Amino acid sequence: MPTRRHFLKTMPVAMAASLAAMATPAGAAELDEKDPQAVKLGYKADTRKVDQARYPGHAPSQTCANCQLFQEGSSPATGGCVLFGDKQVAAAGWCSAWEQG
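Numbering (mature numbering (1 follows the signal peptide of the UniProt record, and there is no 0)), first residue to last: -28 to -1, 1 to 73.
Hints listed in this document are in silico derivations from the structure and should not be mistaken for laboratory results. Bear in mind the structure is a predicted one, so any value in this text is a computation, not a measurement. Ideal Cβ positions, reconstructed from N, Cα and C, are used throughout, including at glycine. Accuracy of the hints is not assured; some may be wrong.
[To be verified] Here are the simulated DSS-like cross-link-like pairs (lysine-lysine), alpha carbons at most 25 Å apart as the crow flies: (1) Lys59 - Lys16; (2) Lys6 - Lys16; (3) Lys6 - Lys59; (4) Lys6 - Lys21.
[What the hints assert, rightly or not] With beta-carbon atoms standing in for the labels, derived distance ranges: (5) Pro8 - Ala31: 23 to 33 Å; (6) Thr(-26) - Ala(-1): 14 to 24 Å; (7) Glu2 - Thr(-26): 43 to 53 Å; (8) Thr(-26) - Ser47: 37 to 47 Å; (9) Gln43 - Asp4: 10 to 20 Å; (10) Pro8 - Pro28: 16 to 26 Å; (11) Gln9 - Pro48: 20 to 30 Å; (12) Thr(-26) - Asp7: 44 to 54 Å; (13) Ser46 - Lys6: 40 to 50 Å; (14) Lys6 - Thr(-26): 17 to 27 Å; (15) Asp4 - Tyr27: 50 to 60 Å; (16) Gln72 - Pro8: 18 to 28 Å; (17) Lys21 - Thr(-26): 55 to 65 Å; (18) Asn38 - Thr(-26): 43 to 53 Å.
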C-alpha cells in the first residue's frame, strides 16, 4: 500500500512530466495559412512570400524564429506561438504580430 511519503516524493516528477507533455504536444498540427486566425494576422509559412504592399513594415529578416512570441519546438523548422494555440508555426514564417525577440 502506497504511503503518503511515497506519494509526496513522486508528485514533483509526475507534475514535471505532465507539464513537459503539454508544452510540446506530440503530433501537433502545423498551422495552415488558410486558418482563420492565420489569415487575420497575415501569416505566411515563408517570410519571403509576404505581400509587401499589404505589410510595408515587414522586412525579410523578420521570421517567427526571431519573434518574441515564438516558442522553440522539438524540430528546428517549427515551433509554437502563443497566438495560435497548439498549432506549430514555421520558423521561417511571419505574421503581422511579429515582435523583436
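Here is what the structure says about each hint:
Note on Lys59 and Lys16: the hinted pairing holds, with a Cα-Cα distance of about 14 Å set against a maximum of 25 Å. Restraint check for Lys6 and Lys16: the C-alpha separation of about 9 Å stays at or below 25 Å, so the hint holds. The hinted pair formed by Lys6 and Lys59 meets the criterion: a straight-line CA distance of about 13 Å does not exceed 25 Å. Annotation: proposed proximity of Lys6 to Lys21 holds, straight-line Cα distance about 14 Å (limit 25 Å).
Checked against the hint of 23 to 33 Å, the pair Pro8 and Ala31 passes, with Cβ atoms roughly 26 Å apart. Evaluation of the 14 to 24 Å hint for Thr(-26) and Ala(-1) yields a failure: the beta carbon distance comes to about 38 Å. In this structure, Glu2 and Thr(-26) meet the distance hint of 43 to 53 Å, their C-beta atoms being roughly 46 Å apart. Taking 37 to 47 Å as the suggested C-beta distance range, the pair Thr(-26) and Ser47 conforms, at roughly 42 Å.
For the pair Gln43 and Asp4, the supplied restraint of 10 to 20 Å holds, since their beta-carbon distance comes to about 19 Å. Between Pro8 and Pro28 the beta carbons are some 24 Å apart, a value that agrees with the proposed interval 16 to 26 Å. A hinted range of 20 to 30 Å holds for the C-beta pair Gln9 and Pro48, which are about 24 Å apart. For the hinted restraint 44 to 54 Å between Thr(-26) and Asp7, the CB-CB distance of approximately 49 Å keeps it satisfied.
The given range of 40 to 50 Å is broken by Ser46 and Lys6, whose C-beta atoms sit roughly 25 Å from each other. A hinted range of 17 to 27 Å is violated for the C-beta pair Lys6 and Thr(-26), which are about 54 Å apart. Between Asp4 and Tyr27 the beta carbon distance is about 19 Å. The supplied range of 50 to 60 Å is therefore violated. Range check, Gln72 to Pro8: Cβ separation about 26 Å, and the 18 to 28 Å hint holds.
For the hinted restraint 55 to 65 Å between Lys21 and Thr(-26), the CB-CB distance of approximately 60 Å keeps it satisfied. With their beta carbons about 50 Å apart, Asn38 and Thr(-26) fall inside the hinted range of 43 to 53 Å.
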